[in-house]
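Protein chains: 2
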Amino acid sequence: MEYPSSLIEEAVNQISRLPGIGKKTALRLALHLLKQDELETTSLTAALAKLRKDTRYCSTCHVISHTTDCTCKTIKTDLSTICVVEDTPDVMAIQNTGQYHGMFHVLGGVISPIDGIGPDDVHIDTLVKRISASNGEIKEVILAISPTMEGDTTAFYITKKLKGLSVKISTIARGIPIGGELEYTDEVTLGRSIISRRDYHQD
Amino acid sequence: MEYPSSLIEEAVNQISRLPGIGKKTALRLALHLLKQDELETTSLTAALAKLRKDTRYCSTCHVISHTTDCTCKTIKTDLSTICVVEDTPDVMAIQNTGQYHGMFHVLGGVISPIDGIGPDDVHIDTLVKRISASNGEIKEVILAISPTMEGDTTAFYITKKLKGLSVKISTIARGIPIGGELEYTDEVTLGRSIISRRDYHQD
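The listed protein sequences derive, respectively, from chains A and B.
First residue of the first sequence: 569, per my numbering; consecutive thereafter.
First residue of the second sequence: 569, per my numbering; consecutive thereafter.
Hints were generated in silico from the structure; no laboratory data involved.
Check the hints yourself; a few may be wrong.
Copies of the same chain are indistinguishable here, so a pair counts whether it falls within one copy or spans any two.
Once the Cα atoms are required to be at most 25 Å apart in a straight line, the calculated SDA-like pairs of lysine to any residue come out as [said to hold, decoys possible]: (1) K618 with N581; (2) K731 with S648; (3) K591 with D605; (4) K591 with G666; (5) K591 with E606.
If we strip away everything but chain A, and leave its shape as in the complex, we get (with noise of 0.2 Å):
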């Protein structure tokens, strides 16, 4: 594509290097921002500046925390269960449901070798440190990890990791969602809910 100056080629370039961002949106970005106030840019490139350069994580949870009061560190928490996530979206997505108030450990991705990311490459052995340094404090780690092949093999990863750690290990259930139609829910979900049936009037 032909574009009238090298500035908006310049512009969609960049755009269009974010992820499901092609060339004819970046463009249609590019031309609203020609047509907004400057503040408009102006504060839209400060707070992506402000974001890449002051976003911290916590040491201990690796949840994002630009200050030094993680979730991981209040009162309020719960100090004897731990969340392991693949990355900070699961984080909110389970702080959202209202249903878990223990700590969170974000993982910042789950093992895939064709991918060349080995278990040293995320955070389990910080994971493992901080239960054994809690002196039987944490009494039960959740694995939230998503079930596919790679996370499955860092569930079962970490499982092995913790062995000889007196904590109970969890992992959240698998089943047909709520709203979700029987006959187009995959068969392993299917079996597995199955397998994992619960008696009628315990929920």
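Starting from the structure of chain A, add chain B where the hints point.
Positioned in the frame of chain A, the structure of chain B alone reads:
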């Protein structure tokens, strides 16, 4: 939604002001930037800031141009035709067809009383001035405006304004798009395509 840090919240708010980007996509983009090298973010913000600050519009044809050699002033351009379009993407779309080598005139919008855009808010007066100042050098005005209610109103207004100037006014052909199915074409388009029928071997 609860964000793990106010930096992310601010970035998400700013990104989601862009058209077609919701909070979820904005969060995904923000977290993507956090995972990339810091240089990725600085190149993006620099390109956007430069785009907004340095972009200029040609005072003659209103096409975006950051230098003084706008296409309307280059020798290669056919100076006898002027193509009137609504906005910059239209200029690019027509240039990319390789079928047009004349000048452009960007209106910067179409007349739309419901949105409070009157004839004085789009660049019609400069078009009239441009044609009358050319002393007959501009022989044809091609109206390449979208066939919407507002577009048709704008085209009608322009033809009225150009009355008395010895210039031919044409409009791009309406009809069934290449590859389009006759059966699924709306009646107005189909009707127009019959009225504007051409001799079979003319193409």
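Results for each hint:
Taking CA atoms no more than 25 Å apart as the test, K618 paired with N581 passes in both settings, with 22 Å inside one copy and 13 Å between copies. Taking the shortest Cα distances, K731 and S648 sit within 25 Å of each other inside one copy (18 Å), while across copies they are farther apart (83 Å). In this assembly of identical chains, the alpha carbons of K591 and D605 lie at most 25 Å apart whether taken from the same copy (23 Å) or from different copies (22 Å). In the homo-oligomer, the alpha carbons of K591 and G666 lie at most 25 Å apart only across protomers (20 Å), although the nearest pairing inside one protomer, at 39 Å, exceeds that limit.
Proximity of K591 to E606 under the C-alpha cut-off of 25 Å is found in both arrangements, the shortest distances being 22 Å within a copy and 22 Å between copies.
Checked against the numbered hints given earlier, this structure breaks none of them.
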